[in-house]
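Novice: With the sequences and hints as input, model every part of the structure.
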Amino acid sequence: MTKYVRMFKWLVVLLAGGSFVLSVTFLPYFAESVAWRFPEYDYLLYPVLFFLWATLIGFYYMVVLVINILGNVQSGKAFTVTTAKLFDRIALMAFVEIVAYVLGFVAVSICIMKAHPYFIFALFIVTFICLALMGFCKIMKHLLLRVVDIKEENDYTV
Amino acid sequence: MAVTVKLEELLKERKITAGDLAKMAEIEPAKLSLLKSNKAHAIKFETLDKICRALECQVSDLIEYKE
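Protein chains in written order, with my numbering: chain D, 2 to 159; chain E, 2 to 68.
By construction, these hints were calculated from the structure, which means they are not laboratory data. Any given hint might turn out to be false.
Stated by the list, open to error - Pulled a few chain E residues facing chain D out of the computed Cβ check, cut under 8 Å:
1. Lys32
2. Leu35
3. Leu36
4. Lys40
5. Thr48
Note that the Cβ used here is the ideal one computed from N, Cα and C, for glycine as well.
Specialist: Laid out in structure tokens, this is it:
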């Protein structure tokens, strides 16, 4: 079990590292190509790019929280209030990301005076993923707290 | 809680240590300690059976209800 948890931890680190490299190398290139295709919006290139980088901080914080949870699982502290709190924090961060993207979408829509389908699609994807993550983490927190209660009852049953 | 376990008194009466009872009744000393200090939330019938058998007593000798 510990072996699989360690493997999963490395997978998370690898994915986070990979996405970081992509965000530093591919994202500016992609943003520039979009700006080149839509020259009327090229003034939005750097604001949108910096906004995306800023929202990545939230995602990387979530990755750190996931690594903490996996660390708790490794050290046999999976069914604790601390782990439940970590899940709650991930749900909160997912909510913050949704709010950030909705505000970003509204700001961009006001700037270009229309709701661009590309931005609607990006907003839909991010909101859907974050909502799913938020729901999952809230359920996990609720279940973990129930398990902690049951475990405590079991520990105090002679 | 109004329900208390009189294990400490019972052990004093019988002049037996908690460690001895743990061995006689085949109960973990840590669990017995919980029972002795009245910190336990629940007792299994199995545990009651083991303690009563080891101490040759009734359940009423072990558990008391005080208002």
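Novice: None of the hints should be skipped; say for each whether it holds.
Specialist: Hints, verified against the model:
Look at Lys32 (chain E): its Cβ gets to within about 5 Å of chain D, closer than 8 Å, so that hint holds up. The interface hint given for Leu35 (chain E) is met, as the beta carbon of that residue sits about 6 Å from the closest beta carbon of chain D, less than 8 Å. Because the beta carbon of Leu36 (chain E) sits about 5 Å from the nearest beta carbon in chain D, less than 8 Å, this interface hint is met. With its C-beta approaching chain D no nearer than about 7 Å, Lys40 (chain E) sits inside the 8 Å limit, and its interface hint holds.
Because the closest C-beta pair between Thr48 (chain E) and chain D is about 5 Å apart, less than 8 Å, the hint holds.
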